[in-house]
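Next come the chains, spelled out residue by residue.
Protein chains: 2
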Amino acid sequence: MSKTPVTEIGEFGLIDRLTQKIKHYHEETLKGVGDDTAVIASGEDKVRLLTKDLLMEGVHFDLMYTPLKHLGYKAITVNLSDIYAMNGRATHVIIGLAVSSKYTIEALEEIYEGMLLACEKYKVDMVGGDTTSSKSGLCISVTAMGDLQKEKVTYRSGAQSGDLICVSGDLGAAYAGLLILEREKEVFKANPDMQPDITSYNYVLERQLKPEPRRDIVELLESLQITPTAMIDISDGLASEVMHIAKSSAKGAVIYEEKIPVDMQTAAVAHEFKIDPTTFALNGGEDYELLFTIRQSDYEKMKDVDSVRIIGHITENPAQTDMVSTSGNIVALRAQGWDSFK
Amino acid sequence: MSKTPVTEIGEFGLIDRLTQKIKHYHEETLKGVGDDTAVIASGEDKVRLLTKDLLMEGVHFDLMYTPLKHLGYKAITVNLSDIYAMNGRATHVIIGLAVSSKYTIEALEEIYEGMLLACEKYKVDMVGGDTTSSKSGLCISVTAMGDLQKEKVTYRSGAQSGDLICVSGDLGAAYAGLLILEREKEVFKANPDMQPDITSYNYVLERQLKPEPRRDIVELLESLQITPTAMIDISDGLASEVMHIAKSSAKGAVIYEEKIPVDMQTAAVAHEFKIDPTTFALNGGEDYELLFTIRQSDYEKMKDVDSVRIIGHITENPAQTDMVSTSGNIVALRAQGWDSFK
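Protein chains in written order, with my numbering: chain E, 528 to 869; chain Y, 528 to 869.
In short, the hints are calculated from the structure, not lab data. Wrong hints could be hidden among the right ones.
[Unchecked claim] As a list, the in silico EDC-like pairs of lysine to aspartate or glutamate whose alpha-carbon atoms are at most 16 angstroms apart:
#, chain 1, residue 1, chain 2, residue 2
1, Y, K548, E, E538
2, E, K650, Y, E555
3, Y, K530, E, E636
4, E, K548, Y, E633
5, E, K530, Y, E637
6, Y, K548, E, E640
Model the full assembly from the supplied sequences, consistent with the hints where possible.
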């Protein structure tokens, strides 16, 4: 038997290869693998949405700078983000928690406190799960369920040529926060007596440690009576997600660098680290903002919305996923977002 | 802050403590924590069932003797078992897989092959999930979903005084298989050239490595037009599960040792290891048989069913969960089933 390391094909390649033999036996399964959530018909006119994320210690979080309560909160909210990315309503979560013997009951209670805080804020019912031990480290598995009217489900694949590309909030902040945390960790390791002064980074730290999924955008779309043509949440960076929508829709996309929303504090961190802030936005990931496309006829409704920026449009040519830079150059987007296997 | 090791209260104590602050916000949530699955109303007369299990390398499986394909198969079937234990139909699974860099793509394909084989056999749709890396070891998280007519949902809590206690198949075999595998592992470690002869243990090995959940019993109950009053799957051993049903129903229970079904091969392994086979059945766990209670009025329908044994009855006194031994002694049951934290 040949032995191919996973690093050779990366996370997306691996998922493609593992899932290609999947067969479905139920008519009600409208979407399996390949979008933010699975979509399962429920009665005449509704669907259930189902999604799962694993958070592994040492891969997805570093307990040296991640408060356990924040970790629990984030474990819930990153899953809710997937439900909202389908234009859905999140209703339930079910938890798997594996911990090594070094964790105390009090530590686990802190994780749960964070999880239940997120459940309260987003009005989601925690309906059980599995708690068990692990040989080493902490593993949190969250499955989220949601529901939605069938005609409002927003897949990645529905973008049409000429649609406007929109993004909520601002981008790159979570990555900026991660860089600060990693830097302070090194400072602390070198000199444990040093008290880091991180108050001037509050915004980007919070974006990294305690992301809020954009339920408000789903509600906004509803109140504006807009059903997006395609939607995805930004977990791996803007470039990767634009390419997902384009590829799934068999269309191209053009975005404009000058339109990409970046917070002042994110820009300041980028400057400190001598990195282009656009790079943070394109490849940083973990922003949990929503990227979506709307018909041009919805432009008037959307153009003055504070929390949403129109950053580009969908094109007919599937070979084209470009960014027009601030200086006017056309740059092909590349998915350089985070890959846990690289 | 006090620091209490998890071992001090064990798995059930921990779950009680972590889940006591859970609040529900949705009327449709009929059951959260505390049964084999969560139960969520779906439309007028149906429910959705949701359950999750984590399998951790070194805790739940040992790759020295667990073929990866079997591991994938078992990861699915132990979750389906929880759906069947609610009298439900399993429809969907969603997978989380975290692997360290030592795993090759081919190894992961073997795990998926086993998972998809189970999906095919039980007609369950795999609808996605998350594949990521881990710092060490393999972690498989499976969430299973099912559905059911609302009036047929069978909780642990519905047993009534006088109901008959039934069990499917035979018990203790999975634990017998585990003992053989552990013994052969030690033999192999001492002398790697030794080829173990384990053909005479085929049945118990298969029960350990490749458990089949009892969908057939759910179908049988349907064809006999019996809705059990309570049901649970036997994952932690018969004693623990009888006590779960009794406690949830606020009743007592008496079972008869001589009625407990134990396979000849299980008994032979017990004899080899100089352990009472009844101990295997009571405390061995991982049998994934169904334990359920039926009304006395259903006795005639059930008494000649080959795959089900009536092993006792429910009593009025919640303080009593006893076994009448073959020699006629009355022994209080004790939950000594497997606890991953002990």
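Hint check results:
no.: 1; hint: Y:K548 x E:E538; result: 37 angstroms, violated
no.: 2; hint: E:K650 x Y:E555; result: 13 angstroms, holds
no.: 3; hint: Y:K530 x E:E636; result: 11 angstroms, holds
no.: 4; hint: E:K548 x Y:E633; result: 14 angstroms, holds
no.: 5; hint: E:K530 x Y:E637; result: 12 angstroms, holds
no.: 6; hint: Y:K548 x E:E640; result: 9 angstroms, holds
In this structure, the one hint that does not hold is number 1.
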